[in-house]
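Student: With the hints as constraints, model all of the structure from the sequences given.
2 protein chains.
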Amino acid sequence: MSFFGIFPCLEGKKVLILGMDGYIGWPLALRLLARGHQVTGVDSFITRRRVREVHSDSLIPIDSMAERIRKASRTFGEPGFVRFDVTDPRRLYSILEKEKPDAIVHLAEQRSAPYSMIGLKQATETMMKNIVSTMNLIYATKDIVPESHILKLGTMGEYGTPNIDIPEGFFEVNYHGRSDTLPFPKFAGSWYHWTKVHDSNNLMFANRLWGTAITDVMQGVVYGTRTSEIESSSSHTRFDIDEVWGTALNRFCAQAIAGLPITPYGKGGQTRGFLSLEDSVQCLTIAIENPPKNGEYRVFNQYDEHYSVNELASKVVEVFSSLYPDRKKPGILHTANPRIEKEEHYYNPENVKLRELGYRTARSLETEISIILQDVMKYSGRIRRLKDVIMPRTSWKESSGKSAVAGTEKKK
Amino acid sequence: MSFFGIFPCLEGKKVLILGMDGYIGWPLALRLLARGHQVTGVDSFITRRRVREVHSDSLIPIDSMAERIRKASRTFGEPGFVRFDVTDPRRLYSILEKEKPDAIVHLAEQRSAPYSMIGLKQATETMMKNIVSTMNLIYATKDIVPESHILKLGTMGEYGTPNIDIPEGFFEVNYHGRSDTLPFPKFAGSWYHWTKVHDSNNLMFANRLWGTAITDVMQGVVYGTRTSEIESSSSHTRFDIDEVWGTALNRFCAQAIAGLPITPYGKGGQTRGFLSLEDSVQCLTIAIENPPKNGEYRVFNQYDEHYSVNELASKVVEVFSSLYPDRKKPGILHTANPRIEKEEHYYNPENVKLRELGYRTARSLETEISIILQDVMKYSGRIRRLKDVIMPRTSWKESSGKSAVAGTEKKK
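So the sequence lines, in the order shown, correspond to chains A and B. Counting in my numbering, the final residue of the first sequence is number 412, and the numbers go up one at a time with none missing. Counting in my numbering, the final residue of the second sequence is number 412, and the numbers go up one at a time with none missing.
It is worth saying that the hints were derived from the structure and are not from the lab. This one's a predicted model, so the numbers in the text were calculated from it and none came from an experiment. Some hints could be false.
Any copy, or any two copies together, can satisfy a pair, since identical chains are not distinguished.
[Unchecked claim] The calculated lysine to any residue pairs, modelled on SDA-like cross-linking and capped at a C-alpha distance of 20 angstroms, are:
no., residue 1, residue 2
1, LYS100, PHE81
2, LYS402, THR181
3, LYS387, ALA362
4, LYS353, PRO167
5, LYS342, SER380
6, LYS142, GLY119
7, LYS353, SER403
8, LYS121, HIS55
9, LYS342, PRO183
10, LYS329, GLU289
11, LYS129, MET377
12, LYS13, GLU398
13, LYS14, SER364
Tutor: Next up, the structure:
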């Protein structure tokens, strides 16, 4: 039993996780339970459905929520759970009335950049789901639990790739001989990433209006299959490897195991902040246990190290080769970039605030890649079934509204 | 007949005005027709309905669209018109297919800051209407008329009131010894104003994706009752004076005529860019007749002069007193500020681009106020009926989602 478990009245918090069924939501729930917090989750299971729509599935099989809760309860304590979509304000108001959480973690957004770029329908759906859920959260918190802490997941992708250092949210601007502290200008790279910018702006304004305490997390790309609680409960989190729902490093590991070439998009000089699932859960827990001051809006750049896509591809090849010396070394195949982005650029975001609160990298990149490769190896039979969906098909350039308005297309 | 009327093939453009029934939409349609352009309009008449919902009405009575079109046709030529809501992508694709416009002016958004601050329902409605209509326009233009020019109405309110000069959209940022040209950081003051920031960001990204030619107009607060075409056609545009749909200077003129005190909010040091309706229509016409280069996204700060609310109140008193020396001088009554905003601040936005293209102020502020006062005087009998809705009631601080979720409120 954890320290907070022994003294729950002293430090244990009531935490509501919106999107508890997700890649990060589930391991975060386990971590918070393990540390003696009370956890209630919400999810509409829309990601499970959306992933099936692109004929894919989590590479690592995942339990139903009922089974997840049973496994968590055996080891750490029982989380509450209610199924609904956070775009419904009535249900959200209702659960805040019932639970009166100290902190609310918002992970219940459409989280795929390629999905948002398929066409107008998906772009609009992403705008609506993400913005409406955040507006509902803003108002429900203000009306029901105004002292509560909103922890909102944004993305490092909100900043784009400016040719200057990226501060943590705000910076001093000098212009024409005067100065002011202003939000850092953002330039996102997909409709999905822009919804996160819009959410960040709306949250910053909610704080200005009503003093709502907010942590806005600009998170890097997350990779990995495990946290310590996933290991001890055998309750896996999802692991997506398709071009729509999977992210770079996770996909590369799956390609290596499947004997497919690793496919950086374009030149592969694109550089991003990355962190492991273990570190993501560590950082979010730190943010929850060290809430902002009353009335504070704070921004964390939440990542461990930045790497170019080429560096990650090489790392996967290197770790794979030392782990499986007898197998053929994976090739690296630069494919046409389906995105519109700079393929060589300066990149230097600041990330000191979480380290000041105690964040330390849990495992080296090499160790983490080794763990992912070994976990993926166990399910390599499923990769063969999924490999048709690994290669990029969703093109930023070709994104169109024509299928959304197909009823009028007959004239063309 | 105008110059372009004589040589339509030379310069006359096909212009689609989304929101043609509005305060700016209608006089813009008249101006473009008068200058020999072909105009087609779209409107859902939602502003007419929404204004009635707050028990108000346009102070100056306005014709039905059918009657507007008859009056316009007699003097300038016949505009096309189709009634629909631009949040419906099918109808928008369909009209672009039919009209193939050279320019599309997007004035079809929810345009009231107080309306957006009533509560969660109105905040979400404003987000959705404005963002979805702009996304539909972005995709429809890309798919159907990719060479067309999008002219989008944003607001100077997107910038907020930073303690430094405000450039026209972009500026050079120096940080930690490096520099880049970046979008100017925005900080809007209502959910409505934030939707305009979100739209601007989405448009800037559409330009990055597909090279769509876009003019993003950061417009100041518009005042006035007339343009030259309104005079020659006797087809008035709407003139709102209530706290939700009316804007500062127009409301102040109505208060003076009604014998009510003029009511700056708070200290009245709030400074904003202002321009007359005549100048707004002049500027938009300049933008249409001088489109951006292929692939260009340009930002215009569209205002004539900046004034504090107190300066405007004093001007109205001064002009009123010289116009009506025998009537009682209007009082100035500082009312509690329903908004959350700085009431004393630095303000210096740049606005050179439109002047470089030929924009010149049509009339002095004093002359314009004099015209407004005289026009309002003709309808002073209607002010008495409307004066209950002039004083501020919509409070930024009290904005709530409770009525939107009233179904769950019984427990409270």
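Student: The structure should be examined with respect to each hint, and the outcome stated for every one.
Tutor: Verification of the hints:
1. LYS100 - PHE81: Answer is within: at 14 angstroms inside a copy they meet the 20 angstroms cutoff, but 52 angstroms across does not.
2. LYS402 - THR181: Neither, since 43 angstroms and 35 angstroms both go past 20 angstroms.
3. LYS387 - ALA362: neither (31 angstroms within a copy, 66 angstroms between copies)
4. LYS353 - PRO167: within (11 angstroms within a copy, 31 angstroms between copies)
5. LYS342 - SER380: neither (33 angstroms within a copy, 60 angstroms between copies)
6. LYS142 - GLY119: Between copies only: 11 angstroms across, 35 angstroms inside.
7. LYS353 - SER403: Close neither inside one copy (45 angstroms) nor across copies (39 angstroms); limit 20 angstroms.
8. LYS121 - HIS55: For LYS121 and HIS55, the Cα distance is within 20 angstroms only inside one copy (19 angstroms; across copies 36 angstroms).
9. LYS342 - PRO183: between (23 angstroms within a copy, 17 angstroms between copies)
10. LYS329 - GLU289: neither (44 angstroms within a copy, 61 angstroms between copies)
11. LYS129 - MET377: Classified as neither; 35 angstroms inside a copy, 48 angstroms across copies.
12. LYS13 - GLU398: The answer is neither: 47 angstroms in one copy and 28 angstroms across copies each exceed 20 angstroms.
13. LYS14 - SER364: neither (32 angstroms within a copy, 61 angstroms between copies)
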